[in-house]
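*Asks:* Here are the chains, one letter per residue:
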Amino acid sequence: MSFEEKLNDWQRRTAAATDKRPERKSEFLNHSDIPIQRLYTSQDSVQSEEDYLQRLGFPGEYPYTRGIQPTMYRTRYWTMRQYAGFGSAEETNTRFRYLLEQGQTGLSTAFDLPTQIGYDADHPMSVGEVGKVGVSISSIVDMDTLLNQIPLDRVSTSMTINAPASVLLAMYLVVAERQGVPWQKVSGTIQNDILKEYVARGTYIFPPKPSMRLITDIFDFCAREVPNWNTISISGYHIREAGSTAVQEVAFTLANAIAYVEAATKAGLQIDNFAPRLSFFFNAHNDFFEEIAKFRAARRMWAKIMKERFGAKNPRSLQLRFHTQTAGSTLTAQQPDNNVVRVTVQAMAAVLGGTQSLHTNSRDEALALPTEASARLALRTQQILAHESGLTDTIDPLGGSYYVEALTDALEAKAWQYIEYIDGLGGAVEAITEGYMQQEIHRAAYDTQQAIERGQQVVVGVNQFTTAREPEPELLRVDPQLGRKQTESLAKLRSERPVEPHRRALAKLKETAEGTGNLMPVVIDAVRAYATIGEICDVLRDVFGEYRPSVF
Amino acid sequence: MGHPIRVLVAKPGLDGHDRGALVIAQGLRDQGMEVIYTGLRQTPAQIVSTALQEDVACIGLSSLSGAHMQLFPEVARLLKEQGAEDILLVGGGVIPESDIPDLIDAGITGIFTPGTRIEDVARFIREHVRESDAKLSAVDGILPGILGIDHIGIAVADVSSALLFYTRGLGLVTSHEEIVADQGVRTVFLPVGETHIELLEPTSDESPIARFLAKHGPGLHHIAYRVASVEAALEHARELGYRLIDEKPRLGGRGKLIAFLHPKSSGGVLTELCQHTDESEEGGSS
Numbered sequence: 001m002s003f004e005e006k007l008n009d010w011q012r013r014t015a016a017a018t019d020k021r022p023e024r025k026s027e028f029l030n031h032s033d034i035p036i037q038r039l040y041t042s043q044d045s046v047q048s049e050e051d052y053l054q055r056l057g058f059p060g061e062y063p064y065t066r067g068i069q070p071t072m073y074r075t076r077y078w079t080m081r082q083y084a085g086f087g088s089a090e091e092t093n094t095r096f097r098y099l100l101e102q103g104q105t106g107l108s109t110a111f112d113l114p115t116q117i118g119y120d121a122d123h124p125m126s127v128g129e130v131g132k133v134g135v136s137i138s139s140i141v142d143m144d145t146l147l148n149q150i151p152l153d154r155v156s157t158s159m160t161i162n163a164p165a166s167v168l169l170a171m172y173l174v175v176a177e178r179q180g181v182p183w184q185k186v187s188g189t190i191q192n193d194i195l196k197e198y199v200a201r202g203t204y205i206f207p208p209k210p211s212m213r214l215i216t217d218i219f220d221f222c223a224r225e226v227p228n229w230n231t232i233s234i235s236g237y238h239i240r241e242a243g244s245t246a247v248q249e250v251a252f253t254l255a256n257a258i259a260y261v262e263a264a265t266k267a268g269l270q271i272d273n274f275a276p277r278l279s280f281f282f283n284a285h286n287d288f289f290e291e292i293a294k295f296r297a298a299r300r301m302w303a304k305i306m307k308e309r310f311g312a313k314n315p316r317s318l319q320l321r322f323h324t325q326t327a328g329s330t331l332t333a334q335q336p337d338n339n340v341v342r343v344t345v346q347a348m349a350a351v352l353g354g355t356q357s358l359h360t361n362s363r364d365e366a367l368a369l370p371t372e373a374s375a376r377l378a379l380r381t382q383q384i385l386a387h388e389s390g391l392t393d394t395i396d397p398l399g400g401s402y403y404v405e406a407l408t409d410a411l412e413a414k415a416w417q418y419i420e421y422i423d424g425l426g427g428a429v430e431a432i433t434e435g436y437m438q439q440e441i442h443r444a445a446y447d448t449q450q451a452i453e454r455g456q457q458v459v460v461g462v463n464q465f466t467t468a469r470e471p472e473p474e475l476l477r478v479d480p481q482l483g484r485k486q487t488e489s490l491a492k493l494r495s496e497r498p499v500e501p502h503r504r505a506l507a508k509l510k511e512t513a514e515g516t517g518n519l520m521p522v523v524i525d526a527v528r529a530y531a532t533i534g535e536i537c538d539v540l541r542d543v544f545g546e547y548r549p550s551v552f
Numbered sequence: 001m002g003h004p005i006r007v008l009v010a011k012p013g014l015d016g017h018d019r020g021a022l023v024i025a026q027g028l029r030d031q032g033m034e035v036i037y038t039g040l041r042q043t044p045a046q047i048v049s050t051a052l053q054e055d056v057a058c059i060g061l062s063s064l065s066g067a068h069m070q071l072f073p074e075v076a077r078l079l080k081e082q083g084a085e086d087i088l089l090v091g092g093g094v095i096p097e098s099d100i101p102d103l104i105d106a107g108i109t110g111i112f113t114p115g116t117r118i119e120d121v122a123r124f125i126r127e128h129v130r131e132s133d134a135k136l137s138a139v140d141g142i143l144p145g146i147l148g149i150d151h152i153g154i155a156v157a158d159v160s161s162a163l164l165f166y167t168r169g170l171g172l173v174t175s176h177e178e179i180v181a182d183q184g185v186r187t188v189f190l191p192v193g194e195t196h197i198e199l200l201e202p203t204s205d206e207s208p209i210a211r212f213l214a215k216h217g218p219g220l221h222h223i224a225y226r227v228a229s230v231e232a233a234l235e236h237a238r239e240l241g242y243r244l245i246d247e248k249p250r251l252g253g254r255g256k257l258i259a260f261l262h263p264k265s266s267g268g269v270l271t272e273l274c275q276h277t278d279e280s281e282e283g284g285s286s
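Protein sequence lines correspond, in order, to chains A and B. Heads up: the first sequence is residues 1 to 552, going by this note's numbering. Heads up: the second sequence is residues 1 to 286, going by this note's numbering.
Just so you know, these hints were derived from the structure itself, not from any lab. Glycine residues also receive a C-beta, built at the ideal position from the N, C-alpha and C atoms. Careful, some of the hints might be misleading.
[Claimed, not checked] Keeping only pairs whose Cα atoms sit at most 20 Å apart, straight-line, the calculated SDA-like set for lysine to any residue is:
#	chain 1	residue 1	chain 2	residue 2
1	A	485	B	70
2	A	266	A	330
3	A	485	B	69
4	B	248	B	186
5	B	215	B	124
[What the hints assert, rightly or not] From the structure, some residues in chain A lie toward chain B, with a derived Cβ separation under 10 Å:
#	residue
6	202
7	338
8	397
9	433
10	434
11	445
12	449
13	477
14	478
15	541
16	545
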């Protein structure tokens, strides 16, 4: 009997057996609506050596399905980069130095919402929000404090900042200047991904067109002046947190990436000059194998897009480098210790998917910002995976798994369909302006909520396996007086800084914004003249206007 | 209940996480409510002004940024300042258990933390809006605020013999008995689920029940609808041109406020409106 006959025979016998003893579900579908078969075999996976070379290739080689580096974690583990920031610049600086002492290898800065939306801490809209979800930074004075005693030539820093990314990058570069570190030597990442702010995260300021200009100005400036800076981190993370499926996460992120590349080439930039500094940011969610397949599919798709659609030649332009964070929305307020287990499984998926850096969430994040003890446990989770689990000893350990390869193909096929549809709408900017992505995500989010409420989707500790309410763990509290303190120090800054250079820098900024010149150098000058983030963004608001979303 | 409850779902402050707000908005719509969503970045003053303009019965606040202790109480304060504290205020998001008592003290009636079912949120809103909503607006000839059938009145010549059918026959239990002297009537109440059967026996020949019996013989005497506000319901009935027996609410048995509509307006069935007050023994929370 041939393999195929034997397989068919097995299928028949098994089907007959399930008539007597049915399986748990009549149909197994994952969240992306991909049907999951009872069994995968070599028939569902790579068919031949030729097929292998075309679809998988070798690590560090096109199409990078198995990883972007030739040795992956055998040379160096991923960067363990815990997102941190709360309260004042002093408090966050203390937490940063603590995390570095504990063996963390890169910094990741969370800014509070006023900073992210370009308001000073003393703005009326900032009431109640100062220092809450991140550190409050209004001027170069705060940034100096934040980075005090942190060697910027050795530590790479990621900053979750989007609409006012130019301003925070400018502040970082001015601090480097003051530390005597040349810009050629600083490295780090700004998120700088405005499209997903319109779609899912909400910290936009300006309308799409001037926002895209700010972004391509950064691409251009950094290619010349700060060559080791990742100028954007194109993010599926927040799209997923807003409720999308894994397929939508990949598709919408890559569609946004295509829009950035198009904007930059339209602005006259050479693809291989800026593309090597594009980076990505994905979510590691609950469905272990689907997540691994997602990372692999995204790598293969990006390589194809860059090579075939944009004609990139530099191999670094084709490599999808990405940061991963475990899925905050899967954390439960009930039985918070269960979250440690969720985070571990999600982090494993990120590692098996070949991530370049990783943030693991803390168990108490459905309740508040993490305490120091919870943040340490989250970091230890990564260290255990790296040093004890053996996951890191070979490259892409699940490559060739019948299931993972079939799932990688299925995810890719479904994601291409979305990208083609978005192309048909006129691209990502159009699709977002029309609310297309938002509606797709919302529909998926609502389906999930209903599945949970009907009990079709089990959330341990929430709709099954519940216990009587436990005592609340100790939580981190942000000083409610911080807003007042920041207001006082801003008043001091405004009265003490030299008036004339400040006025001139803002006038120059306005003039440049009204014209077409690169905004980065003038923003840097404004920061040097002690202009605050609110003052800089107000000048830009005057020239660019503000984004007003339609409510869909 | 002809009127859908109007709810404003609002995002105070700068928080951009609106998955929860959007899911709740749609969920409440699916539960039959009318939902308005403010969009992001609303100040407490904007939220209160929208709530008043849209004449909502409930505001649902959502914040995941930790700013709830400042922003939620501010919305409550402004509502009070505007004399609109009858609008039910609830909230949700990333809110530690230990903050909840202070928020409730500040006037946020319900706090829903992650993992709450939409059905439970909807039920909470319905129960609390019904209780406080004594002034639903008049539309399409529907009497506002009908909460259910409070009781069904049956005229009998002799309670003790009529009672046998209800107790021995149907297995009901007497919950309450009283003589209302000024109406010349002895009444016996028997609960049936959420409602009651009221047996009415005349105690004098001048009693309205005696006249009813003389004219129709024993049988169905009236149906009493429970309303949020007898006054509002009467006002509405008057606007619709219905004939009233009572121009104003009066005190019925057990602290209830009652009023009767004339059977001419209601197809021959005497109709009572009845409102439980704080003094009524059964309370008003069912």
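*Asks:* It remains to establish, for every hint, whether it holds in the given structure.
*Replies:* Evaluated hints:
Pair hint residue 485(A) plus residue 70(B) holds up; C-alpha atoms about 16 Å apart against a cutoff of 20 Å. With a C-alpha separation of about 39 Å, the suggested pair residue 266(A) and residue 330(A) falls outside the 20 Å cut-off, and the hint is violated. Of the pairs offered as hints, the one joining residue 485(A) and residue 69(B) holds, with about 18 Å between alpha carbons and a cut-off of 20 Å not exceeded. Distance check on the hinted pair: residue 248(B) and residue 186(B) sit about 23 Å apart at the alpha-carbon level, beyond 20 Å; violated.
At most 20 Å may separate the alpha-carbon atoms for a hinted pair to count; residue 215(B) and residue 124(B) exceed this at roughly 47 Å. A cut of 10 Å between beta carbons decides the hint on residue 202(A): the least distance to chain B is about 2 Å, and the hint holds. The criterion of a C-beta within 10 Å of any C-beta in chain B is not met by residue 338(A), whose closest approach is roughly 12 Å, and the hint is violated. Taking 10 Å as the C-beta contact cut-off toward chain B, the hint placing residue 397(A) at the interface is violated, the least distance being around 34 Å.
Against a cut-off of 10 Å between C-beta atoms, the interface hint on residue 433(A) is violated, since the closest Cβ of chain B lies about 15 Å away. For residue 434(A), the interface hint is violated, since its Cβ never comes within 10 Å of a Cβ in chain B; the closest pair sits about 17 Å apart. Look at residue 445(A): its Cβ gets to within about 5 Å of chain B, closer than 10 Å, so that hint holds up. Checking residue 449(A) against chain B by beta carbon gives a least distance of about 5 Å; that is within 10 Å, so the hint holds.
Of the supplied interface hints, the one on residue 477(A) holds, with its beta-carbon coming within about 9 Å of a beta-carbon of chain B, less than 10 Å. At about 7 Å, the closest approach between the beta carbon of residue 478(A) and any beta carbon in chain B falls short of 10 Å, and the interface hint on this residue holds. Contact between residue 541(A) and chain B, as hinted, is not supported at the beta carbon level, the nearest pair being about 14 Å apart and thus beyond 10 Å. Against a cut-off of 10 Å between C-beta atoms, the interface hint on residue 545(A) is violated, since the closest Cβ of chain B lies about 16 Å away.
Violated hints for the displayed structure, listed by number in ascending order: 2, 4, 5, 7, 8, 9, 10, 15 and 16.
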